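Here the protein sequences come in this chain order: L and S.
Counted the way this note's numbering counts, the first sequence spans residues 1 to 258.
Counted the way this note's numbering counts, the second sequence spans residues 1 to 396.
Treat the hints with care, since some could be wrong.
Covered stretches of chain L (in silico footprint by chain S; criterion: 3 or more residues with CB under 8 Å from a CB of chain S, positions within the stretch not fixed) [said to hold, decoys possible]:
hint	region
1	8–22
2	80–86
3	127–140
Heads up, incomplete: computed chain L residues facing chain S, CB under 8 Å, no partners named [what the hints assert, rightly or not]:
hint	residue
4	38
5	92
6	111
7	186
8	187
By construction, these hints were calculated from the structure, which means they are not laboratory data.
All figures in this text were calculated on a predicted structure; none of them were measured in a lab.
Backbone N, C-alpha and C define an ideal beta-carbon position, used for all residues, glycine too.
The lines below spell out each chain.
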Amino acid sequence: MGDASGTPILAVESVTVRFGGLTALRDVSFDVRPGEIVGLIGPNGAGKTTAFNVVCGFVRPTEGRVRFPLIDRDGLRPAQLAAHGVARTLQGVGLFPRLSVLENVMAGGQTAVGGGFWSGFLGLPSAVRSERHLRERAHAMLARLGVDGFAMRLPSAIPYGVAKKVAVARALMCEPRLLLLDEPASGLDEAELDDFAALIAGLRQDMGVLLVEHDMEFVMPLVDRLVVLNFGEVIAHGAPNDVRHHEAVVAAYLGVDE
Amino acid sequence: MRARLAVAGALVVGVVATALLARARVAIVLVVCEALFAALAALWVSPSWRAAHPVGTRLAQTVMTVDALGVASAFVSTSVNGNLEAGVSMTIVLLGLSFLTGSSGQISLGHGAFMGVGAFAAAIWANHHAHSPVVIALLAAVVAGAAVGFLLGLPATRLRGPYLAGMTLAFAVAFGSILNAFSSWTGGDSGLQLPTAVSAPRWLVDLLPPSDSPLAAATVWLSQISLVVAGVALFAMSNLFASRVGRSMRLVRDHDVAAELAGVSLPRARVVAFVISAAYAALGGALSTLVNNSVSPATYGFALSITILALMVIGGIGTIPGAMIGGLIFAYSTSSISWITARLGLNPQGNLASQLNGIIFGVLLVGAIVAAPMGIAGAGRQVARRWRERHHLRAD
Numbered sequence: 001m002g003d004a005s006g007t008p009i010l011a012v013e014s015v016t017v018r019f020g021g022l023t024a025l026r027d028v029s030f031d032v033r034p035g036e037i038v039g040l041i042g043p044n045g046a047g048k049t050t051a052f053n054v055v056c057g058f059v060r061p062t063e064g065r066v067r068f069p070l071i072d073r074d075g076l077r078p079a080q081l082a083a084h085g086v087a088r089t090l091q092g093v094g095l096f097p098r099l100s101v102l103e104n105v106m107a108g109g110q111t112a113v114g115g116g117f118w119s120g121f122l123g124l125p126s127a128v129r130s131e132r133h134l135r136e137r138a139h140a141m142l143a144r145l146g147v148d149g150f151a152m153r154l155p156s157a158i159p160y161g162v163a164k165k166v167a168v169a170r171a172l173m174c175e176p177r178l179l180l181l182d183e184p185a186s187g188l189d190e191a192e193l194d195d196f197a198a199l200i201a202g203l204r205q206d207m208g209v210l211l212v213e214h215d216m217e218f219v220m221p222l223v224d225r226l227v228v229l230n231f232g233e234v235i236a237h238g239a240p241n242d243v244r245h246h247e248a249v250v251a252a253y254l255g256v257d258e
Numbered sequence: 001m002r003a004r005l006a007v008a009g010a011l012v013v014g015v016v017a018t019a020l021l022a023r024a025r026v027a028i029v030l031v032v033c034e035a036l037f038a039a040l041a042a043l044w045v046s047p048s049w050r051a052a053h054p055v056g057t058r059l060a061q062t063v064m065t066v067d068a069l070g071v072a073s074a075f076v077s078t079s080v081n082g083n084l085e086a087g088v089s090m091t092i093v094l095l096g097l098s099f100l101t102g103s104s105g106q107i108s109l110g111h112g113a114f115m116g117v118g119a120f121a122a123a124i125w126a127n128h129h130a131h132s133p134v135v136i137a138l139l140a141a142v143v144a145g146a147a148v149g150f151l152l153g154l155p156a157t158r159l160r161g162p163y164l165a166g167m168t169l170a171f172a173v174a175f176g177s178i179l180n181a182f183s184s185w186t187g188g189d190s191g192l193q194l195p196t197a198v199s200a201p202r203w204l205v206d207l208l209p210p211s212d213s214p215l216a217a218a219t220v221w222l223s224q225i226s227l228v229v230a231g232v233a234l235f236a237m238s239n240l241f242a243s244r245v246g247r248s249m250r251l252v253r254d255h256d257v258a259a260e261l262a263g264v265s266l267p268r269a270r271v272v273a274f275v276i277s278a279a280y281a282a283l284g285g286a287l288s289t290l291v292n293n294s295v296s297p298a299t300y301g302f303a304l305s306i307t308i309l310a311l312m313v314i315g316g317i318g319t320i321p322g323a324m325i326g327g328l329i330f331a332y333s334t335s336s337i338s339w340i341t342a343r344l345g346l347n348p349q350g351n352l353a354s355q356l357n358g359i360i361f362g363v364l365l366v367g368a369i370v371a372a373p374m375g376i377a378g379a380g381r382q383v384a385r386r387w388r389e390r391h392h393l394r395a396d
């Protein structure tokens, strides 16, 4: 297990988000350190997706701020994330439908490779080399997740569980220090869930992981800490076993579920 | 290996035959060209070489195509050469539009006007710098096209689909008035003549096949320079399709949120696509100015933009063969329509005859959308894939 102390990779500080009259998040604070897995849970409409979108820069906080202390950056824009080692998977699979699985995965690592416009346009050896290198890395990443047999298929022609792994492979291509997983377990069967839990647990030694999830049986054994949102507010925060017995949480969410 | 030997063998026979048949000085050029063709073809048929050298493969393909057409252009009539030049210019324009629509997923109804920008920029440059080389006039047109593409690309950062199409449409419609507003530069309604006809360097004239009239020699040279320029444009575009920039465009087209998360700046990608696309259209327009020795605003009306769009869909969106097929159709559309008019006994100045162009393109367009949504190039690719699959099955 990684060392979960030290400078956080992500710090959400007193973030409030209002859309017109609606307050989607109110004074939300939490952080993620390298080497730990943090779960963001809550009933539907609790603000989990908004929290993710704030972290990614798709939504600007009305108050408060999002910081990345480990890399000393504040509030990155979406297109800057990959280059700064922050990767996110999307709900569902979010793959590029008309690109092969291999090219989907290559897309995740393309900020890392050099080669600007002109070297690509002129077909210079440097561009060819960096493309080849990227292709090899993408193959290796698919092999690492055990789905390299699907490299040349289109996303529509692969099983859902495989597509989920391809989405993770794409996210890992930018060598993230922070990985944001949006409902990684949704739509998976029992065997795939175990597989996925093992995969995510294996990632923590290299990065901090923040995941949004509905499936409590999947989340509880996997995470080091839980942040529970309800109506846009953090109602509980702590180790899974403490949170499980927290009154507000039981009332708002878990009690209904178990 | 056997295929490689077969290609090489066939070409050696071809080289020897031409050397024996053709006149001495021309034969040297032809032998050199065919030897080059044979060498590249021999490399090209090897799958392992192709896999190891993607850029080399594209270069070989391009040089082979340019080489073959260039040699052929020396043997065909002036009118065929004229068609070849028109087709080559249009192919370059279609490459540009294909990149915009096929890769970045944006639509333009203004490519006739972008083409016009290049056509006029080249003519204006040639009128102010009478003795500057052809290449400089072409580059000036590319720069002008890129600049206009940038300006029109800026709204693309905020507009989508039909709104963006409407904006480019407005440019296409306004282009004639813009030309008129700057009539001291553009010559207004009458357009511009080039001060001196583009002429070939003497060493090339000496090498060209002796022809019965100086006019024919000029045509051959013009179609050959068009081919070389198109070859450069084609090679660069095929590189771009395969590069990081090309992939960024496809990401934006397929899934904009995921593209941003992969580090692609959406506004930047959309503007870059417009700049490249307009620069290509301008290059095609400039080439047709050089070939025709003049430019007229009537050519670059709104109808041309629609023709370009139709040609792209008929040929195949987002593919290089599709652009070439579109260019070919354009090259022969005028002459085949006058042939049809003559066969049907229509009055060439009549109502129906003048509308025939639009009717035929309309029918082709609807036919392509119904029968081959990926265009002729896409349909061809599908047929080839089926054939390969059947071939494999039989081999197993």
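Going through the hints against the structure:
1. 8–22: Violated, because only 0 residues of the region 8–22 of chain L bring their Cβ atoms closer than 8 Å to Cβ atoms of chain S.
2. 80–86: Coverage by chain S holds for the region 80–86 of chain L (4 residues, Cβ < 8 Å).
3. 127–140: Since 4 is at least three, the answer is holds.
4. 38: 19 Å, violated
5. 92: Residue 92(L) check fails; min Cβ-Cβ to chain S is 11 Å, beyond 8 Å.
6. 111: Residue 111(L) check passes; min Cβ-Cβ to chain S is 4 Å, inside 8 Å.
7. 186: Residue 186(L) check fails; min Cβ-Cβ to chain S is 17 Å, beyond 8 Å.
8. 187: 18 Å, violated
Going through the hint list in order, the structure does not satisfy hints 1, 4, 5, 7, 8.
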